[in-house]
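*Asks:* Generate coordinates for the entire structure from the input sequences, incorporating the hints supplied.
Number of protein chains: 2
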Amino acid sequence: MNQKSTIYDIAKKLNISAATVSRALNNNPKISEKTRKLVNDTANEMNYTQNRLALALKSGKSNNVGVLVPRIDRNFFSSVIRGIEECLYPEGYQVIICQTHDDENLEMQNIEALLNAQVDGILMSINGTTEKNDAINKILQKKVPLIFFDRKKNIDGVSSVTINDFDGGYQATQHLIDQGCKKIAHLAGDLSVEIYKDRCNGYKQALLDNGIKFNENYLIETISKVEQGEDSTKKLLNLKNPPDSIFSSSDFVALGAIQEIKKHNLHIPNDISIVGFSNEPFTKFMELSITTVDQSPVEMGKIAASVFLEQVNNSSNIEIHKKIVLPPKLLVRKSSLKN
Amino acid sequence: MNQKSTIYDIAKKLNISAATVSRALNNNPKISEKTRKLVNDTANEMNYTQNRLALALKSGKSNNVGVLVPRIDRNFFSSVIRGIEECLYPEGYQVIICQTHDDENLEMQNIEALLNAQVDGILMSINGTTEKNDAINKILQKKVPLIFFDRKKNIDGVSSVTINDFDGGYQATQHLIDQGCKKIAHLAGDLSVEIYKDRCNGYKQALLDNGIKFNENYLIETISKVEQGEDSTKKLLNLKNPPDSIFSSSDFVALGAIQEIKKHNLHIPNDISIVGFSNEPFTKFMELSITTVDQSPVEMGKIAASVFLEQVNNSSNIEIHKKIVLPPKLLVRKSSLKN
Numbered sequence: 001m002n003q004k005s006t007i008y009d010i011a012k013k014l015n016i017s018a019a020t021v022s023r024a025l026n027n028n029p030k031i032s033e034k035t036r037k038l039v040n041d042t043a044n045e046m047n048y049t050q051n052r053l054a055l056a057l058k059s060g061k062s063n064n065v066g067v068l069v070p071r072i073d074r075n076f077f078s079s080v081i082r083g084i085e086e087c088l089y090p091e092g093y094q095v096i097i098c099q100t101h102d103d104e105n106l107e108m109q110n111i112e113a114l115l116n117a118q119v120d121g122i123l124m125s126i127n128g129t130t131e132k133n134d135a136i137n138k139i140l141q142k143k144v145p146l147i148f149f150d151r152k153k154n155i156d157g158v159s160s161v162t163i164n165d166f167d168g169g170y171q172a173t174q175h176l177i178d179q180g181c182k183k184i185a186h187l188a189g190d191l192s193v194e195i196y197k198d199r200c201n202g203y204k205q206a207l208l209d210n211g212i213k214f215n216e217n218y219l220i221e222t223i224s225k226v227e228q229g230e231d232s233t234k235k236l237l238n239l240k241n242p243p244d245s246i247f248s249s250s251d252f253v254a255l256g257a258i259q260e261i262k263k264h265n266l267h268i269p270n271d272i273s274i275v276g277f278s279n280e281p282f283t284k285f286m287e288l289s290i291t292t293v294d295q296s297p298v299e300m301g302k303i304a305a306s307v308f309l310e311q312v313n314n315s316s317n318i319e320i321h322k323k324i325v326l327p328p329k330l331l332v333r334k335s336s337l338k339n
Numbered sequence: 001m002n003q004k005s006t007i008y009d010i011a012k013k014l015n016i017s018a019a020t021v022s023r024a025l026n027n028n029p030k031i032s033e034k035t036r037k038l039v040n041d042t043a044n045e046m047n048y049t050q051n052r053l054a055l056a057l058k059s060g061k062s063n064n065v066g067v068l069v070p071r072i073d074r075n076f077f078s079s080v081i082r083g084i085e086e087c088l089y090p091e092g093y094q095v096i097i098c099q100t101h102d103d104e105n106l107e108m109q110n111i112e113a114l115l116n117a118q119v120d121g122i123l124m125s126i127n128g129t130t131e132k133n134d135a136i137n138k139i140l141q142k143k144v145p146l147i148f149f150d151r152k153k154n155i156d157g158v159s160s161v162t163i164n165d166f167d168g169g170y171q172a173t174q175h176l177i178d179q180g181c182k183k184i185a186h187l188a189g190d191l192s193v194e195i196y197k198d199r200c201n202g203y204k205q206a207l208l209d210n211g212i213k214f215n216e217n218y219l220i221e222t223i224s225k226v227e228q229g230e231d232s233t234k235k236l237l238n239l240k241n242p243p244d245s246i247f248s249s250s251d252f253v254a255l256g257a258i259q260e261i262k263k264h265n266l267h268i269p270n271d272i273s274i275v276g277f278s279n280e281p282f283t284k285f286m287e288l289s290i291t292t293v294d295q296s297p298v299e300m301g302k303i304a305a306s307v308f309l310e311q312v313n314n315s316s317n318i319e320i321h322k323k324i325v326l327p328p329k330l331l332v333r334k335s336s337l338k339n
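Protein sequences, first through last, are from chains A and B.
So the first sequence is numbered by the UniProt record's numbering: it starts at 1 and just counts up by one.
So the second sequence is numbered by the UniProt record's numbering: it starts at 1 and just counts up by one.
Warning: the hint list may mix true and false statements.
Chain B is nowhere near these chain A residues, computed Cβ spacing over 10 Å in every case [what the hints assert, rightly or not]:
#1 PRO29
#2 LYS34
#3 THR42
#4 ASP156
#5 ASN164
#6 GLU194
#7 HIS264
#8 ASP271
#9 LYS322
#10 LYS329
#11 LEU330
#12 LYS338
Simulated pairs of lysine to aspartate or glutamate, DMTMM-like, Cα-Cα distance not exceeding 25 Å [stated by the list, open to error]:
#13 LYS61(B) x GLU45(A)
#14 LYS334(A) x GLU287(B)
#15 LYS263(B) x GLU287(A)
#16 LYS302(B) x GLU112(A)
These aren't lab readings, by the way, just hints derived from the structure by calculation.
Virtual Cβ for every residue (Gly too), placed ideally from N, Cα, C.
*Replies:* Structure (structure tokens):
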């Protein structure tokens, strides 16, 4: 049902070369008016529509930009995408989005899909699980501009826009210490992913700088889901010496922690204080609003897009590569502000 | 920087026809081994990579499916997309997503981007503002399978998967009446959009069936944003005869209504009961959980995708078109359950 006529079909029907068909369709002056009319009439008859893509194959420009994120249902990522769109739409680019669900195979297939869609560039936040660089190398081989945002790999020649996650973890932990907390647990993300490792290192450094000994029972790796926050918090509360506060690297995990703490009839923030990460909208709207770290996602998207524009519009031989690091912003709310 | 070599470049360099280059790259037996080797070596040298897309231009199949939604940052839409992916990934399709932001021009440009990316099908939820059918006709002209979900237009030959929005509006309103509410306001969506009109008609019918007169002061059109819920609720509370309950066609608007009602020191649900629509995750996690209507989005996505598969795998001349309507599910929570 989805068969499209091609220039090869038209060429066959008219018994002329595909190149002649192509030239006729592109109004090449070498082609006679008679042939041009014949080709155009046949093309219409055969339901052939010359598309921007066929032209893109020749010019190498599709005006589509691909964005690859782990998940679109996180406000952080959808906001970065909004920033990218706000920057690129006025420049005549369309944005097409794929999600990898933190799956290395899907990431590879999505990259192939985007490359096959002839995107002019790829802006991506890598998977936690991506160990090999095959997918990324594929982009670089094709000389398609690549920009990382948020979750990056350190690869020569690839620009990136991130926030200072170490500082985010440090600020969150320092804030809890300033509120009088001494037994601070950390619900980390996958520590093989740079952003989560950095947040965790910021947490540890803040403890160290305040003379608080790191307790390994207080560190649990989680996936950014509500249930994981519930399960991990149950473990923490069952410790002989339970923590007096939790810094979570994910707002969803922080939400799960709050649900679990309520079941134990403990008071937030007086018994246990909570800080999340990402400034998901629900953290603000909860009756018990959640202290969190804002990552300026719209700005991050705009900057990533403008780095892409610089690269793609760069007609010199000088390669432009940038590493841009934005500052995180701690937003103090009810979940950690003691009475 | 983003210039790609094409078969035309290779042809020019070797002074042979593009058709010969194409045949050589595709191992056509008509081409001598010597020419094939020459073409392949030159292609490598010129950094030419034959891509699936070029092949797609010939075969008419890219294995990419385009999904078009108003916004990705609504749980309803991201869940539909998850359902689509869960159905299509095992079949070897990749899913590429565009968002229209309820803008008719963006919708048109996104459709062009997807068609140029040679998608094998488009699954879309239309804009509220789309009056003309130009964009949709473009898809139909190209004979690309098109399936509507949630927000549809009634167009001959286009399949759709929706929920029974009339019934959703009816159930929500009947529930409030069952709780003893008599002065029920409705914060509607854009009433030129079918789903919102249907929800509103369900509301009106429930009033009628229960002998409650429709009060036009109790009906306000909104956009699905928290601030719109605050503003509209302020207007309702300032009426001489304010309502005792609100049915909102959007959870975000319901959330805004709750924020506003709290400012007036009124009790929810005893003074004013609230029902939203869509089952956004936050409605469950709020301390004052919000009664809402679930739309089975993952299931909707799976069904829409399977309708696409049926169409694309249909080798007969019989056209398959389906109108599938799913039942809504009322989820009763604290915001409307009186003590």
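*Asks:* All hints are to be evaluated individually against the structure, with a verdict given for each.
*Replies:* Quick rundown of the hints versus the structure:
Its beta-carbon lying about 17 Å from the closest one in chain B, PRO29(A) satisfies the requirement of being farther than 10 Å from that chain. Every CB of chain B is more than 10 Å from the CB of LYS34(A) (nearest about 22 Å), matching its label as outside the interface. Every Cβ of chain B is farther than 10 Å from the Cβ of THR42(A); the closest lies at roughly 17 Å, confirming the non-interface assignment. For ASP156(A), the shortest C-beta to C-beta distance to chain B comes to about 16 Å, beyond the 10 Å cut-off, and the non-interface label holds.
Listed as outside the interface, ASN164(A) is consistent with that label: its C-beta sits roughly 25 Å from the nearest C-beta of chain B, beyond the 10 Å cut-off. In this structure GLU194(A) is separated from chain B by more than 10 Å, as the shortest Cβ-Cβ distance comes to about 25 Å. Even its closest Cβ contact with chain B, about 16 Å, leaves HIS264(A) beyond 10 Å, as expected for a residue assigned away from the interface. Residue-level check passed: ASP271(A) sits 17 Å from the nearest beta carbon of chain B, beyond 10 Å.
For LYS322(A), the non-interface assignment is confirmed: its Cβ lies about 15 Å from the closest Cβ of chain B, beyond the 10 Å cut-off. The Cβ of LYS329(A) sits about 20 Å from the closest Cβ of chain B, beyond the 10 Å cut-off, so the non-interface label holds. For LEU330(A), the shortest C-beta to C-beta distance to chain B comes to about 22 Å, beyond the 10 Å cut-off, and the non-interface label holds. Every CB of chain B lies more than 10 Å from the CB of LYS338(A), the least distance being 19 Å, so the non-interface label holds.
A hinted pair counts as satisfied when its Cα atoms are at most 25 Å apart, and LYS61(B) with GLU45(A) qualifies at roughly 21 Å. Pair hint LYS334(A) plus GLU287(B) holds up; C-alpha atoms about 14 Å apart against a cutoff of 25 Å. Restraint check: the Cα-Cα separation between LYS263(B) and GLU287(A) comes to about 13 Å, which is no more than 25 Å; the hinted pair holds. For the suggested pair LYS302(B) and GLU112(A), the alpha carbons sit about 23 Å apart, so the restraint of at most 25 Å is met.
Of the numbered hints given earlier, the model fails none.
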